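Chemist: Residues per chain, in single letters:
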Amino acid sequence: MDKEERKTVLSELEYSNEGYEEEWKLPERLRRSRDRARKIFKEFDEKGYPAGRFGMDFDLLEYRPDISPERGKRKSLRELDKETRITVEKSGQSIEEKYRAGTKLQEDADTTYLDLTEYGKKLLESFPDGVVVKEIEEATREYPWIEKLWSHIHPMNLDKYTAYNAGFSRGGVFVWVKKGVKMELPLQACFLLETQRFAQLPRILVVAEPYSKVYLISGCLVQPRCEAGLHGCITEIYAGEGSETTYSMIHNFRENFHIRPKIGAVIDRNGTYIENFIILAPCLSDQAYPTAVLRGDNSRAVIRTIALGLKSSDIDVGSALIFSGENTRGELVSRTVTTDKSNVKMRGTMKGYSHNAKGHLECRGMLLSDTARARAYPQLRSTSPGVNLTHEAAIGKIAEDDLYYLMSRKMSEQEAGARTF
Amino acid sequence: MLEVKNLWLSVASDGEKEILKGVNLRIREGETHALLGPNAYGKSTLAMAILGYPQYRVKRGSIHFDGKNLAGKSIYERAKLGIALAYQNPPEIRGVKMRDVIRFSAGKSPWNPLLEQKEEFSQKCVKRAGLDASFSERDVNLGFSGGEKKKSELAQIFAMQPKLMVLDEPDSGVDIDALKLIGNELSKAIDEFGSSALLITHHRHILQYLKVDVAHIMYEGCIISSGEPKWVIFRVEELGYDSYMKRLPKTIYLLKQV
Chain A
1 MDKEERKTVL SELEYSNEGY EEEWKLPERL RRSRDRARKI FKEFDEKGYP AGRFGMDFDL
61 LEYRPDISPE RGKRKSLREL DKETRITVEK SGQSIEEKYR AGTKLQEDAD TTYLDLTEYG
121 KKLLESFPDG VVVKEIEEAT REYPWIEKLW SHIHPMNLDK YTAYNAGFSR GGVFVWVKKG
181 VKMELPLQAC FLLETQRFAQ LPRILVVAEP YSKVYLISGC LVQPRCEAGL HGCITEIYAG
241 EGSETTYSMI HNFRENFHIR PKIGAVIDRN GTYIENFIIL APCLSDQAYP TAVLRGDNSR
301 AVIRTIALGL KSSDIDVGSA LIFSGENTRG ELVSRTVTTD KSNVKMRGTM KGYSHNAKGH
361 LECRGMLLSD TARARAYPQL RSTSPGVNLT HEAAIGKIAE DDLYYLMSRK MSEQEAGART
421 F
Chain B
1 MLEVKNLWLS VASDGEKEIL KGVNLRIREG ETHALLGPNA YGKSTLAMAI LGYPQYRVKR
61 GSIHFDGKNL AGKSIYERAK LGIALAYQNP PEIRGVKMRD VIRFSAGKSP WNPLLEQKEE
121 FSQKCVKRAG LDASFSERDV NLGFSGGEKK KSELAQIFAM QPKLMVLDEP DSGVDIDALK
181 LIGNELSKAI DEFGSSALLI THHRHILQYL KVDVAHIMYE GCIISSGEPK WVIFRVEELG
241 YDSYMKRLPK TIYLLKQV
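Protein sequences appear in the order of chains A and B. Terminal number for the first sequence in the working numbering: 421, no gaps in between. Terminal number for the second sequence in the working numbering: 258, no gaps in between.
For reference, chain A alone in the conformation it holds in the complex (with noise of 0.2 Å):
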């Protein structure tokens, strides 16, 4: 692309987006924010810096936010075609909604279905307006609060990824729970990428009040017939003082995507953080740094990333966690295989700042062909005498002796070989 197409994407870009603002009706202050981060990306995009610290570069402006055709309201994720249903399935997302508090459906930039279950259902008859479940948009009209916590935790010119979010975002959920609130079912919020060359672009922003319970559960993935697309979320979580936040995220896209999301959490006094990231399947490109900031004391946090290079895939992930709080306690846990041609990087990052942190970090990878590449770089750094960071990072094969060992107790190489994974 040339200096005069990308003038021509670029005001394009522009006017559609003046249209989505238009049509949502965002508040004044958002919209300001918006342009901010689009004059940022525009730096960006002349001047090529930067491209995004880790993984690998890749012209954003090939992928689009706007080329999505319109789409009308589904009644349940059970209207999706059969195909769409087993990958739907496969990322972690129940088509009967069963154990579920609360069901989302984003497709490309369209919410096509969004409700509670019964449990759910119930939940708001006992806490009157406990949860909100709501588009990200609605939400920003009716709450204008939200404002304040909007590119907070990632600022939008960390790097050219954030910058294009922040600016041409569409669609996305907000989920708030109230004070003492607790949803013992997972929320599910499935983003289903359709139109080729799309950039899909949602917002994540949940809100847990203090002793609240969430579980939200993210299921990003690709129609079967669609080839080619980005996928560039921003989540951004706070967790209040003692409350229970746990979010799941689980990618299930193909060879041609490129995926960037950004996680943060915020977490207050005596809250805990669960997440999970699970890559399943191969992509073009995957990178992720999730963060976690224990902001209060006694405040506990943990990250686990599990991911599978398939095919050519160039997996980065990694998670930081920053201890700011006294008696705060963490852990990172990387687990990878690697296998076909992909070339996997494991990151870790912790940061010990405050009296009596205590964090563990491991990565452990798995390299199952001569072809692969996996890479590990676990970093600790601490301005406080009082922490206590450790870390252990492995790479390596199946252990033989372990598989031995199994085989000898009557179980088969196949079933030794995928218990010791």
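Read the hints as simulated data drawn from the structure, not as lab findings. Quantities reported herein were computed from a predicted structural model and do not represent experimental measurements. Please note that a few of the clues may not be correct.
[Claimed, not checked] Derived BS3-like pairs: lysine-lysine, alpha-carbon spacing no greater than 27 Å straight-line:
#: 1; chain 1: A; residue 1: 182; chain 2: A; residue 2: 121
#: 2; chain 1: A; residue 1: 397; chain 2: B; residue 2: 97
#: 3; chain 1: A; residue 1: 397; chain 2: B; residue 2: 73
Use these hints to put chain B onto chain A, whose structure you have.
Modeler: Structure of chain B alone, referenced to chain A:
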């Protein structure tokens, strides 16, 4: 039951160096044999070879079990035939529960029957080996002490109910009470399952609890002497292996030199 005929063995990665040089051993049904010998002279290697570890290459000779030649059979197949090995240094396996392994050892899939029965069964085996029932919920050998590892090996062997037990130093590094328990439970199990056993050991203490029919001495990859266990062990303890070797009939000693 087990017949090892003129077995020559080398490490697969290093084809030159032979570890076993013509081992002959025959264990009949229901017999228990003890195998003694100095360190690093091939006792554990023989145990691994009987189980079929692929890092050892059989250069000459054969191993027959129950009338079948074991050549070309994998560890899994040999385990299914009824050979069980209690490891000297079992590996620690993260993420695999004791109860699943015990369930597999008993030849049953851990997912199939009711969950409660599965737990009961594994807890029974674990308790029988002298461990706390909570061990069945732990990862295999992960963070176990030396003695606990030996007991965990026993628990798995009890679940397997094998025709042949190959016990690689079940008595090393355990205290006297544990030794008594291991010895008694082993001898009970041998009677109960009617199995044969090959016991690799350095001490005579465990032999108080087990009825051993024959004792062999392995020296430089060869079984050079076999006989009445009490006599053999008494002589070895008195003289040490080197002097014992020299007092053997000259023919054997000379053979060794060649």
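Chemist: Now look at each hint and say whether the structure bears it out.
Modeler: Evaluated hints:
no.	hint	result
1	A:182 / A:121	holds (13 Å)
2	A:397 / B:97	holds (21 Å)
3	A:397 / B:73	holds (24 Å)
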